[in-house]
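First to last, the protein sequences are chains A and B. The opening residue of the first sequence carries number 1 in the numbering used here; numbering runs sequentially from there. The opening residue of the second sequence carries number 147 in the numbering used here; numbering runs sequentially from there.
Please note: incorrect hints may appear among the correct ones.
Stated by the list, open to error - Some, not all, of what chain B presents toward chain A, calculated at C-beta under 10 Å:
no.	residue
1	V182
2	L201
3	R204
Hints were generated in silico from the structure; no laboratory data involved. Computed from a predicted model, the values in this text were never measured in an experiment. No residue lacks a Cβ here, since even glycine has one placed at the ideal position from N, Cα and C.
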Amino acid sequence: MTVMQTIEQVIRVSGDMDGFARAAEALRVVLDDWQLAERPRYRVETVFEEIVTNVIKYGYTDDRHRVIEVFLTRKADEVEVAVEDNGDPFDPLARPDPERPISIEDAPIGGLGIMLVRKMAGAINYERSADRNRLTVTIPMAPAGG
Amino acid sequence: MQTHPLEGNHAKVVLRGRLDAAGVDRIEAKFVATLVPHGVSAMVDLSQVDFVASLGLRMLISVARSLARKGARLVLFAPQDAVREVFEMALVSELITIRESESEALAALQG
Numbered sequence: 001m002t003v004m005q006t007i008e009q010v011i012r013v014s015g016d017m018d019g020f021a022r023a024a025e026a027l028r029v030v031l032d033d034w035q036l037a038e039r040p041r042y043r044v045e046t047v048f049e050e051i052v053t054n055v056i057k058y059g060y061t062d063d064r065h066r067v068i069e070v071f072l073t074r075k076a077d078e079v080e081v082a083v084e085d086n087g088d089p090f091d092p093l094a095r096p097d098p099e100r101p102i103s104i105e106d107a108p109i110g111g112l113g114i115m116l117v118r119k120m121a122g123a124i125n126y127e128r129s130a131d132r133n134r135l136t137v138t139i140p141m142a143p144a145g146g
Numbered sequence: 147m148q149t150h151p152l153e154g155n156h157a158k159v160v161l162r163g164r165l166d167a168a169g170v171d172r173i174e175a176k177f178v179a180t181l182v183p184h185g186v187s188a189m190v191d192l193s194q195v196d197f198v199a200s201l202g203l204r205m206l207i208s209v210a211r212s213l214a215r216k217g218a219r220l221v222l223f224a225p226q227d228a229v230r231e232v233f234e235m236a237l238v239s240e241l242i243t244i245r246e247s248e249s250e251a252l253a254a255l256q257g
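Same shape as in the complex, but just chain A (with noise of 0.2 Å):
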């Protein structure tokens, strides 16, 4: 085959913990599968949990039934990871990152995960229709330096 297909798997998440623990299990199937190099595989495990365990911690105020969705693309040279939750509209890219501390006492605990999630991406984006959020992170498959 000279051509490579693009390959999409969905990976739904019950609202918890457990729930989160179990869909990684099923990330890491999927990517087993798919033979990622190293580094793309890297960025694709923390690019779903820092997102759908930030879904899962403070996507809810209240008790709705939690549906979220983990979309996995495979295309030639880029993998897209695109998560849809119905929780209440949240924008994780409105927020800076944290400022670039002078010292462990002033180092930031929180905004570490989409700083990460900045920095591994090729591509962000949010959009929120249909009472959803679905951030849509792309990971180039051969990321240039950092």
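Following the hints, complete the assembly by docking chain B onto the known chain A.
Same frame as chain A, but now just chain B:
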């Protein structure tokens, strides 16, 4: 997680596996309790840690800060390349001492 007492109020801690949400949940209480109450300066072997997410960074930053307040140190050593990259992206490598080898880490701990 394995802890090896060293001379003085020092220790070597060997972490293994993933410092993700599940991994941090498993070891954080023990990691903190081993080092922080008595201000034990520690060198942490990361060579067998193959994944660090923000929760892992938070654990290391908060322990390093608690130790610094007690005049003790946290030194990390031998991170895998992908893990080192995460420390650099999160600017942690500017705040916590990271060394390539155990002997360099020991020197940093005692220096």
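Hint check results:
Here the hint on V182/B is broken, as its CB sits about 14 Å from the closest CB of chain A, past 10 Å. Residue-level restraint check for L201/B holds (minimum Cβ-Cβ distance to chain A is 8 Å; threshold 10 Å). With a cut of 10 Å, the hint placing R204/B at the interface with chain A holds, because the nearest CB-to-CB distance is about 4 Å.
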